[in-house]
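So in full-length UniProt numbering, spot 42 of the sequence shown is number 42, and the numbers just go up one at a time.
These are computed hints drawn from the structure, not numbers from a lab. Quick caveat: nothing in here was measured; it's all calculated off a predicted structure. There could be a bad hint or two in this list.
Stated by the list, open to error - Here are the simulated lysine-lysine pairs, DSBU-like style, with alpha carbons at most 35 angstroms apart:
1. LYS123 to LYS98
2. LYS89 to LYS17
3. LYS34 to LYS231
4. LYS107 to LYS54
5. LYS180 to LYS8
6. LYS45 to LYS8
7. LYS123 to LYS107
8. LYS8 to LYS123
9. LYS34 to LYS60
10. LYS17 to LYS43
11. LYS54 to LYS8
12. LYS107 to LYS192
13. LYS105 to LYS8
14. LYS34 to LYS107
15. LYS89 to LYS107
16. LYS231 to LYS38
17. LYS92 to LYS60
Said to hold, decoys possible - Just the calculated beta-carbon pair ranges, DEER-fashion:
18. ARG90 to GLU19: 48 to 56 angstroms
19. LEU21 to THR214: 55 to 63 angstroms
20. LEU26 to ARG149: 32 to 40 angstroms
Quick reminder that beta carbons are idealized off the backbone N, C-alpha and C, glycines included.
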Amino acid sequence: TVFDRLRKTNLKLQLDKSEFLRKEVLYLGHTITKDGLKPNNDKIKAVLNFPLPKTITEIKSFLGLIGYYRRFIKDFARVTQPLTSCLKKRNKIIINEKYIEAFQKCKELLTNAPLLQYPDPEKPYVLTTDASEVALGAVLSQGAIGSDRPIAYASRTLSDTESRYSTIERELLAIVWAVKHFRPYLYGHKFKIYTDHRPLAWLYSLKEPNSKLTRWRLRLQEHDFEVVYKKGKQNTNADALSRIKLNALGAGENASVAVNIDDQESRFQDLRDVTDDDNSDKSRTLTISDMS
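Throw the hints in and build the complete structure from the sequences for me.
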């Protein structure tokens, strides 16, 4: 029990600041329940009562308020793009229908934010990744396929250089970034990585990988995982996240994870051919032993 742990660590409670037999507890803007984590209702009300931002300062204030809960909102960056685009240099604030719709949608999504379950270190983790031309997306979850519940959402924008990568390069980058982002959860545990890009399962079996792929292997070999191909229709969790253009609130948070890959079209032509080959295997699993 909690009291037993307190005794073992010789910690004391201040009675007037303690609450007992509560089903929910408020902590740092979140409501902690026995089933999971959700945003604090008072903070949700603050977002709902926020007036339409008309200045740069007001936009930043609103994005900062709702951005604190972006781990609960799968489509956060895509929805806020009309607002965040106003923060770029030389861009003017144009309050049109798209701008107002994005503002209202932010409020709606936070009101209907999902309950994030607590991680269970005794159960296997599932990491679902995806990439688009503008962003990387990932979802950490636990549970059986199709019924897994999210623990946290994550996404970041691609740099100008990364946005010019081929599809296979971006998808690989998504895995490298996501594994590092969720490393505190994944390190020391066996987990599965789901991707909707079939060649990823084949790529690591290359007998003579180039230096870029070798560096990726070195980044990932400290983990014990499987890469499993999952059709795009079944990979909706991370796919929606990657179809976005993130704003400055989250763009630089994980920028150091970016891997420098040169644009070598000839080396990846075979991989792109595999992507377009509908007759190739629909399911393929890669274990970490294939990389050694």
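Checked hints:
no.: 1; hint: LYS123 to LYS98; verdict: 43 angstroms, violated
no.: 2; hint: LYS89 to LYS17; verdict: 47 angstroms, violated
no.: 3; hint: LYS34 to LYS231; verdict: 34 angstroms, holds
no.: 4; hint: LYS107 to LYS54; verdict: 17 angstroms, holds
no.: 5; hint: LYS180 to LYS8; verdict: 34 angstroms, holds
no.: 6; hint: LYS45 to LYS8; verdict: 40 angstroms, violated
no.: 7; hint: LYS123 to LYS107; verdict: 34 angstroms, holds
no.: 8; hint: LYS8 to LYS123; verdict: 27 angstroms, holds
no.: 9; hint: LYS34 to LYS60; verdict: 34 angstroms, holds
no.: 10; hint: LYS17 to LYS43; verdict: 22 angstroms, holds
no.: 11; hint: LYS54 to LYS8; verdict: 55 angstroms, violated
no.: 12; hint: LYS107 to LYS192; verdict: 33 angstroms, holds
no.: 13; hint: LYS105 to LYS8; verdict: 48 angstroms, violated
no.: 14; hint: LYS34 to LYS107; verdict: 26 angstroms, holds
no.: 15; hint: LYS89 to LYS107; verdict: 26 angstroms, holds
no.: 16; hint: LYS231 to LYS38; verdict: 30 angstroms, holds
no.: 17; hint: LYS92 to LYS60; verdict: 14 angstroms, holds
no.: 18; hint: ARG90 to GLU19: 48 to 56 angstroms; verdict: 51 angstroms, holds
no.: 19; hint: LEU21 to THR214: 55 to 63 angstroms; verdict: 57 angstroms, holds
no.: 20; hint: LEU26 to ARG149: 32 to 40 angstroms; verdict: 22 angstroms, violated
Checked against the numbered hints above, the structure breaks hints 1, 2, 6, 11, 13, 20 and satisfies the rest.
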